[in-house]
Amino acid sequence: MTLVKTKIGRRSFIQTSTLAGGGLLLGFSWLASCKNKTAAEVMNMPKEWFNINGFLKIGENGLVTIMSPNPEIGQNIKTAMPMIVAEELDIDWNNVLVEQAPLNTTIFTRQLAGGSQSIRQGWEGLRLAGATGRHMLKEAAAMAWDVPVTEITTTAGMLHHESSGKSAGYGEMASAASKLEIPEEVVLKENNKFSIIGTDRKNVDGPKIVTGKPLFGLDLYEDGMLTAMIIHPPAFGMKYKSMDAEAAKAMPGIKDIFPIDVYPEGVEKQWSDGGGIAQLVAVVGESTWQCMQAKKSVNVEWEKTSTLEDSAYHDEALTKMLAMKVEAPARKDGDVAAAFKKAAKVIERTYSAPFLAHNTMEPMNFYAHVTQDKAELIGPIQTPEFLEKTLASRLNITLDKIDIKMTRMGGGFGRRLYGHYGVEAAVISKKMQAPIKLVYSREDDMTQGTYRPSYKVLYKAGLDKAGNLIAWYVKGVGTNDDLIFENRFPAGAVDNYLAEKQSLQSNVTTGAWRAPQSNFIAGAEQSFMDEVAELAGKDPIDFRLELFERAITNPVGNPEKNDYDPARYAGVLKLVKEKSDWGAGNKSHRGVSAYFCHNSYVAQVLELHMDGNEAKVDKVWCAVDCGIVINPLSAKNQIEGGIVDGIGHATYSALTFAEGKPDQTNFDSYRLIRYGEVPKEIETFFVDNGIDPTGLGEPSLPPIAAALANALYKATGKRYYQQPYISDRPPLVG
Amino acid sequence: MAKFNLNINGEQREADVDPSTPILWVLRDHLKLVGTKYGCGIAQCGACTIHVDGTAVRACQLTVSSVGDQKITTIEGLSETGDHPVQQAWLEMDVPQCGYCQAGQIMTAAAFLEKNPNPSDTEVEMAMNGNICRCGTYTRIKKAVKLAVSSRNA
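These protein sequence lines are chains A and B, in that order.
The opening position of the first sequence corresponds to residue 9 in our numbering, with each subsequent residue numbered one higher.
The opening position of the second sequence corresponds to residue -3 in our numbering, with each subsequent residue numbered one higher.
Certain hints may be false.
Claimed, not checked - One side only, chain A facing chain B, incomplete, derived with CB under 10 Å: (1) W101; (2) G214; (3) D227; (4) A243; (5) G245; (6) Y248; (7) D264; (8) Q298; (9) K473; (10) G475; (11) N476; (12) E648; (13) V652; (14) D653; (15) F675.
Said to hold, decoys possible - Over 10 Å on every C-beta distance to chain A, these chain B residues come out as not near it, computed from the model: (16) T51; (17) N127; (18) I128.
Unchecked claim - Label-pair restraints from in silico Cβ distances: (19) A258(A) / G6(B): 34 to 42 Å; (20) E76(B) / E198(A): 54 to 62 Å; (21) F202(A) / P15(B): 58 to 66 Å; (22) E88(B) / E335(A): 23 to 31 Å.
Just so you know, the hints here were simulated from the structure itself, not pulled from any lab data.
Treat the numbers as computed from the prediction; the structure is a model and nothing was measured.
The beta-carbon is built from N, C-alpha and C at its ideal position, and this holds for glycine as well.
I would like the entire structure built from these sequences, with the hints used as guidance.
Listed below in structure tokens is the structure:
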């Protein structure tokens, strides 16, 4: 039994919903429709809902609605988070309805999708929400039956009192339970008693997705709503000067065209405003197609404000920066210079990667209805709490006058951390004095991004005569980003270690892109590690395991400083070695890679064969340590998706610039991985260790670039230092 | 602006729009059939795939004026209750992550399997290569197509 306090100091984890009546917790009718229930099931909807706490309400017939607090971008927390609540509530999952919670900072904490943290940081609160609900139902039953609460047990939505033989469904006690105080302490389930956590549960939105029901921000149509589009500066380093929109304003359906000050001086911006542009042109009309046509007829004059950068410049400047002296190292153990001098073998390699666009399949969009004293916003956003803060400042209204609802998102990948488009929508709505839906075209979306930075990293390693790693030097540079995690592996496993990092200022806006920094550095580091192991004459897995052994038994420096657990790291490598039968025969070409990021450990073995000049990936074995797996079915989906995404971007994708303008504007020039290019099979294995769960939205992506490069080397004898590995193949025509 | 009578999902629907409007935007903005998604607008991603007289077509490239009396089927009309074998296979394999591209994927697969009920892996690949899934659910799409083939033929 684990007894847990529901309060820390005065802050209670669990808030009773302050809203009167369950119905008010529901979102717009299209958000809150009956969740794909059949007609018979809809008939069985409860007549009344009783709020137990902000996370859940129970109908008089035993049906339970669980609010999923965090934004859903495809990481499937809308299924996993309610599963955790349902587990502790002890309810039959078939009797659960799930709703996306709106932004509500009173009831929920950290309503943010980012850093693969939703499950890790939500874990305790979600369990408490379920457990307090269960406790309150037990108390209600104890009072009704006049028996001690300690004698009440529950099974899947039923309350029992053994000695009297009494039992009741949760629905029968819901009304009484909803009137009780939140308990100060509750008992959490033991891990081995879980019956929902750790079992395969299908995506709660699956039936809606496969039948095309409205789910996404772009699907929202409200009465009286106008469509708005934006025209942004064509290049980074330019700003709005003037426009002639007379002809465009006369086009059919066009309501108005005007410049907007999204971020005038004095607005308190949040980090989440990212690459938001201060001034844009807004085109407002009756329909999307009319706005798209009108945009072409607006003549906007732009003026240059800073250097118009191009890719050759980024490449040269980053190369120069790699060779520059750094004043203070990010981490220094021992003396690398001396160690390189005495090393028997030294190897040095440089890796690079281009900018990447996020390219969520659903372009940026947001619905806004701003009136004199109120703002209502609905749309796809990973950071609603921060959007609300910027809106309060920009619209000069208080937070309580702003209502934000999150829609299911057609992908996030970090792009929707930067919610400037929500601010743009609000500003346009205010000017129009009408509800509007702002829609970015694909071109708008791709050419005004907050991109994955362009990176370069230099590695140098020294080996002694026995092939032991005695020195490791890394220097990383990036545009607006210094790339290096100096306390990650192999820091702590090498006597002489030096990490340096620097950032190149660029006016191309950059930000978090699925597994920030890791999405490049893992591939570079693990490719280099493969070359170092080869130079040492050692098997690449054994070579890594030797280093982890060193970090476990005799760590260099203060082990507290190291940002990884070498035993768990070695654990996934050993697991993937066993599952892939590594070393048995060598019929085909295999590469290995392992990485730790976002609190989870991943090791991969990739096997491929050559079909003429083309590499075909036959299989990826993937070992993962993310602690307790909430929903293995969707956890595997995340792992598979991350692997495909990682292979795709490392192999094919790039965003390049000419005079500040992105060269790629749509999927005819920006290459994404296609159906025929993915591994034939991906098999995922989870370490079963009962440790509290961490996240899976990101960790499988970073290492795969190296597993691929290392396997390609086996097949072709060629090492891959520059992403994308293949840049000469045009996109396929759809 | 002009009035168009369209046969959509077995119903006659009317739209008063500019003749150059792609059927994608007629479906979404005017008829509120939002299952057909906007992804690129240039027939590169397949998110807007619909059936025109049973053939998979990119709705972003088909102007409303060129539809005539051809029968249009959207994801909303693929089956009455979501029980088309391809939809069922998608659910069984728990394919979606974000879910945005999946209606287009399903429409492409459904039209293709209608014409080629026993496809080879290469034929499936050719058919599905035009649909981008940014989340990378392709391995599950592959399994779902296989499952749909076997359940259709069962």
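Evaluation of the provided hints:
no.: 1; hint: W101; verdict: violated, 14 Å
no.: 2; hint: G214; verdict: holds, 5 Å
no.: 3; hint: D227; verdict: holds, 4 Å
no.: 4; hint: A243; verdict: violated, 22 Å
no.: 5; hint: G245; verdict: violated, 26 Å
no.: 6; hint: Y248; verdict: violated, 24 Å
no.: 7; hint: D264; verdict: violated, 18 Å
no.: 8; hint: Q298; verdict: holds, 7 Å
no.: 9; hint: K473; verdict: violated, 44 Å
no.: 10; hint: G475; verdict: violated, 37 Å
no.: 11; hint: N476; verdict: violated, 39 Å
no.: 12; hint: E648; verdict: holds, 5 Å
no.: 13; hint: V652; verdict: holds, 3 Å
no.: 14; hint: D653; verdict: holds, 5 Å
no.: 15; hint: F675; verdict: holds, 4 Å
no.: 16; hint: T51; verdict: holds, 14 Å
no.: 17; hint: N127; verdict: violated, 7 Å
no.: 18; hint: I128; verdict: violated, 5 Å
no.: 19; hint: A258(A) / G6(B): 34 to 42 Å; verdict: holds, 39 Å
no.: 20; hint: E76(B) / E198(A): 54 to 62 Å; verdict: violated, 46 Å
no.: 21; hint: F202(A) / P15(B): 58 to 66 Å; verdict: holds, 59 Å
no.: 22; hint: E88(B) / E335(A): 23 to 31 Å; verdict: violated, 59 Å
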